[in-house]
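Asks: Listed here are the chains, written in short residue letters.
Number of protein chains: 2
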Amino acid sequence: MWDERDLLMIPGPTPVSSKVLREMSKPIMSHRSKDFSEILKECVEMMKEIFRTKGDVFIVTGSGTACMDAAISNTVSEGDKVLVPVYGKFSQRFVDIAKSYGADVIEVKLEWGKALRPDLIRDMLRENPDVEVVAVVHNETSTGIRNPIREIGKVIREESEALYVLDVISSLGGDDIRVDDFGIDLAIAGSQKCLATPPGLAMISVSERAWERIEEKGNRRRTYYLDLKRYKGSLEKEVPETPYTPSVPLFYALREALDYIVNVEGLENSIKRHEIFSDAVRSAVREMGLELFPERGYESRTVTAVKIPEGIEDKELRGRMRSKYRVIIAGGQDHLSGKIFRIGHMGSITEREVLITISALEMTLKDLGFDIELGKGIGKAEEIISTGMDQIAK
Amino acid sequence: MWDERDLLMIPGPTPVSSKVLREMSKPIMSHRSKDFSEILKECVEMMKEIFRTKGDVFIVTGSGTACMDAAISNTVSEGDKVLVPVYGKFSQRFVDIAKSYGADVIEVKLEWGKALRPDLIRDMLRENPDVEVVAVVHNETSTGIRNPIREIGKVIREESEALYVLDVISSLGGDDIRVDDFGIDLAIAGSQKCLATPPGLAMISVSERAWERIEEKGNRRRTYYLDLKRYKGSLEKEVPETPYTPSVPLFYALREALDYIVNVEGLENSIKRHEIFSDAVRSAVREMGLELFPERGYESRTVTAVKIPEGIEDKELRGRMRSKYRVIIAGGQDHLSGKIFRIGHMGSITEREVLITISALEMTLKDLGFDIELGKGIGKAEEIISTGMDQIAK
Chain A
1171 MWDERDLLMI PGPTPVSSKV LREMSKPIMS HRSKDFSEIL KECVEMMKEI FRTKGDVFIV
1231 TGSGTACMDA AISNTVSEGD KVLVPVYGKF SQRFVDIAKS YGADVIEVKL EWGKALRPDL
1291 IRDMLRENPD VEVVAVVHNE TSTGIRNPIR EIGKVIREES EALYVLDVIS SLGGDDIRVD
1351 DFGIDLAIAG SQKCLATPPG LAMISVSERA WERIEEKGNR RRTYYLDLKR YKGSLEKEVP
1411 ETPYTPSVPL FYALREALDY IVNVEGLENS IKRHEIFSDA VRSAVREMGL ELFPERGYES
1471 RTVTAVKIPE GIEDKELRGR MRSKYRVIIA GGQDHLSGKI FRIGHMGSIT EREVLITISA
1531 LEMTLKDLGF DIELGKGIGK AEEIISTGMD QIAK
Chain B
1171 MWDERDLLMI PGPTPVSSKV LREMSKPIMS HRSKDFSEIL KECVEMMKEI FRTKGDVFIV
1231 TGSGTACMDA AISNTVSEGD KVLVPVYGKF SQRFVDIAKS YGADVIEVKL EWGKALRPDL
1291 IRDMLRENPD VEVVAVVHNE TSTGIRNPIR EIGKVIREES EALYVLDVIS SLGGDDIRVD
1351 DFGIDLAIAG SQKCLATPPG LAMISVSERA WERIEEKGNR RRTYYLDLKR YKGSLEKEVP
1411 ETPYTPSVPL FYALREALDY IVNVEGLENS IKRHEIFSDA VRSAVREMGL ELFPERGYES
1471 RTVTAVKIPE GIEDKELRGR MRSKYRVIIA GGQDHLSGKI FRIGHMGSIT EREVLITISA
1531 LEMTLKDLGF DIELGKGIGK AEEIISTGMD QIAK
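One line per chain: the protein sequences are A and B, in this order.
Just so you know, we're using this note's numbering here: the first sequence kicks off at 1171 and counts up by one.
Just so you know, we're using this note's numbering here: the second sequence kicks off at 1171 and counts up by one.
Extracted from the complex, chain A is given alone in its bound form (with noise of 0.2 Å):
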């Protein structure tokens, strides 16, 4: 049974600081007050500062799916050749968006837990000179894979007049992106993981090349609710607005989360923070003996992927952390369920969390009699942990 002292560390939702929490039981005010509009304004200003775009950014009522969805639907139409290399849960779903709307998607499928490689996209641009859209994903939860962004969005400019299409769900806020320096025409966000705001809004920003296309497709583009140009002229009103009915709380609370971000931590502290904790519980696993899933040097700074030892099974592993120490982390998808357990390490959470989860870790493979020194992971992590937190300007 779900228990309020349960540690929510799986790759989101993040737990969400009862500051935040709190906003939402504020009274619902008008969505078309100017009171409203006040609070989407400042929400999509925040927002630009952390996708770091000049360009558009439009804030969604749904899940970050919607959001992924609104980038194909909005610039592909059918037959259109679309690039989308796999690897893992969630680049697969851009496969089936493309799909769903009739494109001609070239699969290019990777070993689970293996990185994408620039060159591999530069040679099947080569090969494929007609893609107008690479749809890529960062971090891909499903396998802790962190993927080299900046080095394929370069790739993609030279070689083609694609657009590029990046999911960053689960990495923007904590981890280095840049939309507008990256050249990413349209990157996409949930509220749910390193903006550490209850799920339920998703973001998407538009580039200038972005806007060239949804206008080329025209009357061929087919989706409503979806809609980005529906989302733009709202949003240029007088009073800026959302095209349909948004989830107000939500607004509340996103405005308090994202002023913490960009105010009070500051969005290179935040990004700082996530890789300092990424590095402690990479290296705490390490040091407990284990061996990590994804591909050394492209690991994860938000979820970090490890192999479940032989001998050790999953079910008793999460099973343990959380029934005894209250701990709750998560296990492996698809192909990978009972291989790898994952712990997500993102969004407001501070060192307490990282500590604790793995300090729980520890004692719980200690509990399933894996040879294992208590004292030496955790050990490790505070090391990391001590001499990061200085490099974190106060």
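Since the hints were made in silico from the structure, they are not lab data.
One thing to keep in mind: the hints can contain errors.
For identical chains, the list gives no copy identity; a pair is met inside one copy or between any two copies.
With a Cα cut of at most 27 Å, we get these calculated DSSO-like pairs of lysine-lysine [stated by the list, open to error]:
#, residue 1, residue 2
1, 1279, 1546
2, 1211, 1485
3, 1402, 1211
4, 1407, 1269
5, 1259, 1407
6, 1269, 1284
7, 1402, 1387
8, 1399, 1211
9, 1251, 1269
10, 1204, 1494
11, 1324, 1189
12, 1269, 1399
13, 1407, 1485
14, 1251, 1399
15, 1494, 1196
16, 1279, 1399
17, 1218, 1284
18, 1251, 1509
Assemble chain B onto chain A, guided by the hints.
Replies: Same frame as chain A, now just chain B:
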């Protein structure tokens, strides 16, 4: 400036009780946990009771418009004939959605403020026997009109094989709607109206007939986030879930709000309460010497649209009601702007909010020099409320 004491009497979002708001400050749980699955199941079961259907019901994270879109995009493909009678802002939206998907839309324009007659639907269906979908808005909030949906359903079934798509966003829970009995194939609701939950969730019921059509359309369908088959597949899993991350706190709130309607107040009582309140508002307004906008006999039970009398300015009327008495009512939309005002009386409000609103209107009209006898309108409302409330079973 918005103030927490403001009384929000617009046609949605509606005031949300602090009990429901407080639910949202509970910590976030994993949306893939058994605990969340239980909440989802409870919400779906209660929604079935409120829709009065044994068919399927899905809950989507998004605006009500997301489910209007789902109803059309799942059942209509390019060139299909869709009949849409247009008599307000939201029926117009059905036209726009159907056109987005390339439908051949038969748009029948009625004067705003007039009700839809079943005979018109009969005539149109006889002229166009190949219509595949008839899309109707039950309670058109832009004009305060309530249409005879039972009779319309009867005509559609008698005359054609068309699907009956019905928007009950602003009436479900506050009016007599029987999805199965009235032959409604796809009914669409929203969280933020009579269900007295914050905005951000939309609901859709799907009949067997609708599923057959959805299957028929197969690959010609073009939608992903709103693909109803994915919602069905996820809900039919051993541990029911949603296909994409749902807004966890909105589900906490929805469960609390639906529990109140179904298990505390009772659906019949909720409907009766809305009937009494709407009768009280209409009668009071007439007693003040004002004229109602919608055609007599077809007035909405959840929103009352009133003509602004000569010599009174909309901005002054609504501005003073807000600044002096802290009651927020809505203006007219599109070409009705400045010509009507609209009082929302839906959701979990009590007689207190209704009486206060009538009182504020009476005082405001007096303040603005309108020829009115204070106490007459509110007295009439008291008469109706005091008598009516006796009919609600305790």
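Asks: Take the hints in turn and mark each one as holding or not.
Replies: These are the hints, each one checked on the structure:
no. : hint        : in the structure
1   : 1279 - 1546 : neither (38 Å within a copy, 75 Å between copies)
2   : 1211 - 1485 : between (45 Å within a copy, 24 Å between copies)
3   : 1402 - 1211 : within (13 Å within a copy, 36 Å between copies)
4   : 1407 - 1269 : between (34 Å within a copy, 24 Å between copies)
5   : 1259 - 1407 : between (38 Å within a copy, 18 Å between copies)
6   : 1269 - 1284 : within (24 Å within a copy, 43 Å between copies)
7   : 1402 - 1387 : within (16 Å within a copy, 31 Å between copies)
8   : 1399 - 1211 : within (17 Å within a copy, 35 Å between copies)
9   : 1251 - 1269 : both (10 Å within a copy, 25 Å between copies)
10  : 1204 - 1494 : between (50 Å within a copy, 18 Å between copies)
11  : 1324 - 1189 : neither (40 Å within a copy, 52 Å between copies)
12  : 1269 - 1399 : both (22 Å within a copy, 15 Å between copies)
13  : 1407 - 1485 : between (53 Å within a copy, 20 Å between copies)
14  : 1251 - 1399 : both (22 Å within a copy, 25 Å between copies)
15  : 1494 - 1196 : between (36 Å within a copy, 22 Å between copies)
16  : 1279 - 1399 : between (33 Å within a copy, 26 Å between copies)
17  : 1218 - 1284 : neither (31 Å within a copy, 45 Å between copies)
18  : 1251 - 1509 : neither (35 Å within a copy, 51 Å between copies)
Violated hints, listed in ascending order, are 1, 11, 17, 18; each of the other numbered hints is respected by the structure.
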